[in-house]
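> Please model the entire structure based on the sequences and the hints provided.
There are 2 protein chains.
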Amino acid sequence: MITIPFKNKGAFLYVEIYEYLKREITDGNLKFGEKLPSKRSLASHLSVSVNTVDAAYGQLVAEGYLESSPKRGYFVCQIDTYLLKQNNHVSEKKIKKPETKSVKIDFSPNAIDQRIFPYEAFRKIFKVTFNEYDSYLLNKPDLQGELELRKALVELLYRSRGVRCNEDQIIIGSGTSHLLQILGLLWGKNKSVVLENPVYLKAYHIFEKMGNPVISIDIDEKGIQIEPMKKFSDVAVYVTPSHQFPLGMSMPIDRRIRLLNFANQDQGNYIIEDDYDSEFRYNEKPLPSLQSIDNNGKVIYIGTFSKSIAPSFRISYMVLPEALLKAYLEIADAISSPVSSLEQKMIGAFISDGVFEKHVNKMRKVYKGKRIVLMNALKQWGDRVKITGENAGHHLLVQLDNGLTEEAMYTRALAQGVRVYPVSPYFIHGAENYKSMVLLGYGSLTDKQIYSGIGILKEAWDL
Amino acid sequence: MITIPFKNKGAFLYVEIYEYLKREITDGNLKFGEKLPSKRSLASHLSVSVNTVDAAYGQLVAEGYLESSPKRGYFVCQIDTYLLKQNNHVSEKKIKKPETKSVKIDFSPNAIDQRIFPYEAFRKIFKVTFNEYDSYLLNKPDLQGELELRKALVELLYRSRGVRCNEDQIIIGSGTSHLLQILGLLWGKNKSVVLENPVYLKAYHIFEKMGNPVISIDIDEKGIQIEPMKKFSDVAVYVTPSHQFPLGMSMPIDRRIRLLNFANQDQGNYIIEDDYDSEFRYNEKPLPSLQSIDNNGKVIYIGTFSKSIAPSFRISYMVLPEALLKAYLEIADAISSPVSSLEQKMIGAFISDGVFEKHVNKMRKVYKGKRIVLMNALKQWGDRVKITGENAGHHLLVQLDNGLTEEAMYTRALAQGVRVYPVSPYFIHGAENYKSMVLLGYGSLTDKQIYSGIGILKEAWDL
Numbered sequence: 006m007i008t009i010p011f012k013n014k015g016a017f018l019y020v021e022i023y024e025y026l027k028r029e030i031t032d033g034n035l036k037f038g039e040k041l042p043s044k045r046s047l048a049s050h051l052s053v054s055v056n057t058v059d060a061a062y063g064q065l066v067a068e069g070y071l072e073s074s075p076k077r078g079y080f081v082c083q084i085d086t087y088l089l090k091q092n093n094h095v096s097e098k099k100i101k102k103p104e105t106k107s108v109k110i111d112f113s114p115n116a117i118d119q120r121i122f123p124y125e126a127f128r129k130i131f132k133v134t135f136n137e138y139d140s141y142l143l144n145k146p147d148l149q150g151e152l153e154l155r156k157a158l159v160e161l162l163y164r165s166r167g168v169r170c171n172e173d174q175i176i177i178g179s180g181t182s183h184l185l186q187i188l189g190l191l192w193g194k195n196k197s198v199v200l201e202n203p204v205y206l207k208a209y210h211i212f213e214k215m216g217n218p219v220i221s222i223d224i225d226e227k228g229i230q231i232e233p234m235k236k237f238s239d240v241a242v243y244v245t246p247s248h249q250f251p252l253g254m255s256m257p258i259d260r261r262i263r264l265l266n267f268a269n270q271d272q273g274n275y276i277i278e279d280d281y282d283s284e285f286r287y288n289e290k291p292l293p294s295l296q297s298i299d300n301n302g303k304v305i306y307i308g309t310f311s312k313s314i315a316p317s318f319r320i321s322y323m324v325l326p327e328a329l330l331k332a333y334l335e336i337a338d339a340i341s342s343p344v345s346s347l348e349q350k351m352i353g354a355f356i357s358d359g360v361f362e363k364h365v366n367k368m369r370k371v372y373k374g375k376r377i378v379l380m381n382a383l384k385q386w387g388d389r390v391k392i393t394g395e396n397a398g399h400h401l402l403v404q405l406d407n408g409l410t411e412e413a414m415y416t417r418a419l420a421q422g423v424r425v426y427p428v429s430p431y432f433i434h435g436a437e438n439y440k441s442m443v444l445l446g447y448g449s450l451t452d453k454q455i456y457s458g459i460g461i462l463k464e465a466w467d468l
Numbered sequence: 006m007i008t009i010p011f012k013n014k015g016a017f018l019y020v021e022i023y024e025y026l027k028r029e030i031t032d033g034n035l036k037f038g039e040k041l042p043s044k045r046s047l048a049s050h051l052s053v054s055v056n057t058v059d060a061a062y063g064q065l066v067a068e069g070y071l072e073s074s075p076k077r078g079y080f081v082c083q084i085d086t087y088l089l090k091q092n093n094h095v096s097e098k099k100i101k102k103p104e105t106k107s108v109k110i111d112f113s114p115n116a117i118d119q120r121i122f123p124y125e126a127f128r129k130i131f132k133v134t135f136n137e138y139d140s141y142l143l144n145k146p147d148l149q150g151e152l153e154l155r156k157a158l159v160e161l162l163y164r165s166r167g168v169r170c171n172e173d174q175i176i177i178g179s180g181t182s183h184l185l186q187i188l189g190l191l192w193g194k195n196k197s198v199v200l201e202n203p204v205y206l207k208a209y210h211i212f213e214k215m216g217n218p219v220i221s222i223d224i225d226e227k228g229i230q231i232e233p234m235k236k237f238s239d240v241a242v243y244v245t246p247s248h249q250f251p252l253g254m255s256m257p258i259d260r261r262i263r264l265l266n267f268a269n270q271d272q273g274n275y276i277i278e279d280d281y282d283s284e285f286r287y288n289e290k291p292l293p294s295l296q297s298i299d300n301n302g303k304v305i306y307i308g309t310f311s312k313s314i315a316p317s318f319r320i321s322y323m324v325l326p327e328a329l330l331k332a333y334l335e336i337a338d339a340i341s342s343p344v345s346s347l348e349q350k351m352i353g354a355f356i357s358d359g360v361f362e363k364h365v366n367k368m369r370k371v372y373k374g375k376r377i378v379l380m381n382a383l384k385q386w387g388d389r390v391k392i393t394g395e396n397a398g399h400h401l402l403v404q405l406d407n408g409l410t411e412e413a414m415y416t417r418a419l420a421q422g423v424r425v426y427p428v429s430p431y432f433i434h435g436a437e438n439y440k441s442m443v444l445l446g447y448g449s450l451t452d453k454q455i456y457s458g459i460g461i462l463k464e465a466w467d468l
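These protein sequences, in sequence, are chains A and B. Per this note's numbering: the first sequence = residues 6 to 468. Per this note's numbering: the second sequence = residues 6 to 468.
Bear in mind the hints are in silico, worked out from the structure with no lab data behind them. No experiment lies behind these values; they were computed from the predicted model shown. Watch out, some of these pointers could steer you wrong.
Identical chains share a label here; the pair holds if one copy fits it or two copies do between them.
Below are the DSS-like pairs computed for lysine-lysine, each with C-alpha atoms no more than 27 angstroms apart in a straight line [unchecked claim]:
{"hint": "1", "residue 1": "K145", "residue 2": "K370"}
{"hint": "2", "residue 1": "K36", "residue 2": "K227"}
{"hint": "3", "residue 1": "K132", "residue 2": "K145"}
{"hint": "4", "residue 1": "K76", "residue 2": "K391"}
{"hint": "5", "residue 1": "K391", "residue 2": "K453"}
{"hint": "6", "residue 1": "K109", "residue 2": "K384"}
{"hint": "7", "residue 1": "K36", "residue 2": "K367"}
{"hint": "8", "residue 1": "K440", "residue 2": "K196"}
{"hint": "9", "residue 1": "K36", "residue 2": "K132"}
{"hint": "10", "residue 1": "K370", "residue 2": "K384"}
Given below as structure tokens:
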């Protein structure tokens, strides 16, 4: 008969019986077809209640170790051999992430100033939005995104960027890269994608990983060149016309029109306009979006709140031309909306209440100030430095003519606790003309840090 | 000379000058190469300040309509013809979504009971987490997901599901479908995917859209069959072993072991274990996960908070075997973490504070109660109804033997304001053996609604 060394005759006695019998079966001590004692007799033998044995047998039947045959009893099931016992496989090995040396001043192009976030307004909006009397609060978000947010975006994008659309054309995503993945799913892997060179690397990696043929075309001082793309058709052209990433120029109107005209050449051609930081243009008002001058439904407009609110919120949006909307709706259910209803509702309220635009205006002033500080600080380097891409966004580019390589610039800066961002990694091919060039972002730095950082770089780079 | 019919001599005078000149250029009244009046002379002519004209010219230069030539003046740029003017393309057409007739009682398998959500605990956690003194609060989330949440999951998944992993193996995603997309990116389109038939449709659509060859294998009473998959290698097998979706059986131990043994046959074989609702098992304790008995790093474990917290939160998680982790880290930067830092931190605290497990226990009791009510109500239908899949989750299946088709069941129910969910749409092929079968979900219904709904269905289906 079965003897079980109970550790603890407590509430979970049945668990011990269950564990014991399971072990006996996997160890092969109880074999396929073997009959177990009846519940009553095992209970009496172990001095436990019949219910306790019943619970243990029940669990073993549910998991497939035992089979219950009416009126005959319980039998051991057939189980393939497998190393069930040696189950101490808890990996302690951890993959080490690349070390970051101690960085005191980080000229990251992606950082924002967290000090000016409207914490109080956000708390109030949470209070109002997170309301148990809203019977939709805990529901799955609408497949395209919550209606409040999409309606707020229709107005906002028209006012700020001239984008013309209705709320049915808007898709809410969890970041630009996620929206590009959706486009990939929608088009399938046969659609070629034309990318700027240099380029926003995520766009390159996403399309490459999705298996779409990637064509990279060099940019000149006006942005991506149109002539080289003319031999292609049925392509999607990914561009950053407001503020080319990373080089920072904005695409002038003649290039924009030539790009739109190229898109019109073929029914399958589309333009993906990534307008990632258009809110931040300092000397002129932001250029109207490409979408605003597109009359033929060729432009897919993409924006994000990473720069205008904070990178911690993973909310982006895409305006689809009507022709792509139907294809999207076919896959929408499989994709699901990736952003929590609560945050969609909150950001929607943030915009409709006018808090968002006030906040962006405030941020623009703050970044404009930082930019002036940085430009003034850079004067101490004299004219051996070429500055470009300084009219918008949160970063500019500096290029040295003293023969220092990009790598040396990076390494020497890091040795002094200053991090700068080389431009060559953004190139898909041939960065030869962009030697000794790095990005300097100023979004998160204080005036003092900017001055001090530029001073340290002057020394480190022998300027 | 230029005459501008000012509408409003206010603060944005320069905008009117800019708009006017832009129109003149796009209309072709000002032609390529034409010289504009000097700033000073135009200002004097229009009785505005030179600064105002300077701002207008500046914007036109920035957008590429004008070119400024030092000491010579401003000239019109060359711009391709394009229908810039006819820019009234605001689509009013909206794609109509499928109508839903007025549904009074919805037996949806995906709905939860919103009445038992821990609103107050959630408010408190927001208050603590949304804290301006946390200098990481607004940062982009960690590429794999916030560490707090991953650490909390390591403990939770071990306690509740026997999952053995460390926090470096966990990836936070914005829903199961998003995690499957990541796996698709990681493997590329040549990896074949074996699916259960019937299946969780999103899994099918995602892999199909990503271009992965899809093999669907019929399930029997133990779940997916192993023999038919033996002729394949280098495949990922997507399964729902705790509670097959939609049919509801749980995979017994012998089938689990045969599945693991199949996975071990080939280095490229993997199992995707979607454990979407394992928290909700009523007669026995939840079955240990497949991952917990896998000694060879073959199982990718996926879970979600859609059922255990609410579908409004788009947070899912995946435990990757070490062998896949490196491949993930290579694409992690391109993907970015898709879930807001704030919500990751909040759910992390929710778990570590013990609120989550208390909540799940409460929900389990509530759903167990609903399930008893439903099972009792179904007794009035007599034995002309076969009930399956009732041991777990938020739904069960009923099959009639009175010759009524699934479609008739659906239509007749809907005519009485009751929505049921036919099972055949979940089949990739051959649903012949599952005629007259529908899903009845009870997650969101009150006891009264369940009784009343089952009464209405009795009439509608001539039972």
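> Against this structure, judge whether each hint is valid.
Taking the hints in turn, this is what the structure says about them:
Only between protomers do K145 and K370 lie at most 27 angstroms apart by alpha-carbon distance; the minimum there is 23 angstroms, versus 38 angstroms within a single protomer. When the C-alpha separation of K36 and K227 is checked against a cutoff of 27 angstroms, the pair qualifies only between copies, where the shortest distance is 21 angstroms, while the shortest distance within a copy is 78 angstroms. Taking CA atoms no more than 27 angstroms apart as the test, K132 paired with K145 passes in both settings, with 20 angstroms inside one copy and 24 angstroms between copies. With identical chains, the CA atoms of K76 and K391 are at most 27 angstroms apart between copies only, with a shortest distance of 23 angstroms across copies and 91 angstroms within one.
For a Cα distance limit of 27 angstroms, the shortest separation of K391 from K453 inside one copy, 23 angstroms, qualifies, whereas the shortest one across copies, 75 angstroms, does not. Taking CA atoms no more than 27 angstroms apart as the test, K109 paired with K384 passes inside one copy only; the shortest distance there is 22 angstroms, against 71 angstroms between copies. For the identical chains of this complex, K36 and K367 are neighbours neither inside a copy (75 angstroms) nor across copies (39 angstroms), given an alpha-carbon limit of 27 angstroms. In this assembly of identical chains, K440 and K196 lie within 27 angstroms of each other by CA distance neither inside one copy nor across copies; the values are 33 angstroms within and 40 angstroms between.
In this assembly of identical chains, K36 and K132 lie within 27 angstroms of each other by CA distance neither inside one copy nor across copies; the values are 61 angstroms within and 57 angstroms between. Taking the closest pair of Cα atoms, K370 and K384 come within 27 angstroms of each other only inside a single copy of the chain (22 angstroms); across copies the shortest separation is 70 angstroms, beyond that limit.
Hint compliance for this structure: hints 7, 8 and 9 are broken, all remaining hints hold.
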